[in-house]
Amino acid sequence: MTNYLEETPWDKRNFHIDTYQLTAATEDALKQTNEVEGHFTLKIDPLESTENLKKYGFYYVDTLTEPVCKRENLQIYQQEGISLSRDYVREDILEIAKESFKGGRFHRDFNIPDFMADRRYMNWVSDLIEKDLIFALNYHGKLAGFYAYEGDKVLLLGIKEQFRSKGLTKAFTSQSCKDQFEREETDTLITSISPSNLPSLNLFLSLGFKLKNTIDVYHKLNGSLPVGG
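The working numbering puts the first residue of the sequence shown at 1304, with every later residue one more than the last.
These aren't lab readings, by the way, just hints derived from the structure by calculation. Be aware that a few hints might be false.
To be verified - Quick list of simulated restraints, FRET-style, between CB atoms:
#1 1392 / 1426: 45 to 55 angstroms
#2 1509 / 1434: 43 to 53 angstroms
#3 1338 / 1398: 38 to 48 angstroms
#4 1389 / 1527: 33 to 43 angstroms
#5 1338 / 1414: 16 to 26 angstroms
To be verified - As a list, the in silico EDC-like pairs of lysine to aspartate or glutamate whose alpha-carbon atoms are at most 16 angstroms apart:
#6 1401 / 1369
#7 1445 / 1390
#8 1456 / 1369
#9 1515 / 1455
Cβ coordinates follow ideal geometry from the N, Cα and C atoms, glycine included.
With the sequences and hints as input, model every part of the structure.
In structure tokens form, the structure reads like this:
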């Protein structure tokens, strides 16, 4: 029998329950989620029927758009006093992450306590620091935020609250994208943004990114989370 459940250990460590992503949305795949305890993620085309998803206990959590930018289309913005650096204090980056990511799909999942969703993002940022995949964003020598990437993917952008709405984010992000293009020797960058995060979506569109794809994300919990951990 085909196994449609792909383990996601990066989520299991945060939720302390087996976690999976489905490799298909067929009824056979959905049936398998009834046979094991765990938390499940399914990503589908928005035009697909959701009748069977509801039948098997899946619920909608988010929609993700995928803006894409070609190297030649990137709009570069300059701003006096900004710089990118690999030299930063780990704890300072994690402190910015703690205040930056409150609207992700796991925060929107009513089965996931906020402290677990917070921990997932913090652990993700910590992993990226270990892999040296983060730029510190500095303004006149002071840490203002960070930019995380991997390969051709723009993963996370976090700006300290005191530096937001000051016209810095566009310059920071465009310079980081430029560096990523050169460092990774790629001709295309891609990111993933929820339409509910309009400031971020508008930011990347203003830099020359164009919407390429949209997916709907559904979750399911079969069993219970040990929320005391």
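Checked hints:
1. 1392 / 1426: 45 to 55 angstroms: 18 angstroms, violated
2. 1509 / 1434: 43 to 53 angstroms: Given about 29 angstroms between the Cβ atoms, the range is violated.
3. 1338 / 1398: 38 to 48 angstroms: Taking Cβ atoms as reference, residue 1338 and residue 1398 lie about 42 angstroms apart, which means the hint holds.
4. 1389 / 1527: 33 to 43 angstroms: 42 angstroms, holds
5. 1338 / 1414: 16 to 26 angstroms: 19 angstroms, holds
6. 1401 / 1369: 24 angstroms, violated
7. 1445 / 1390: 12 angstroms, holds
8. 1456 / 1369: With Cα atoms ~10 angstroms apart, residue 1456 and residue 1369 stay inside 16 angstroms; holds.
9. 1515 / 1455: 15 angstroms, holds
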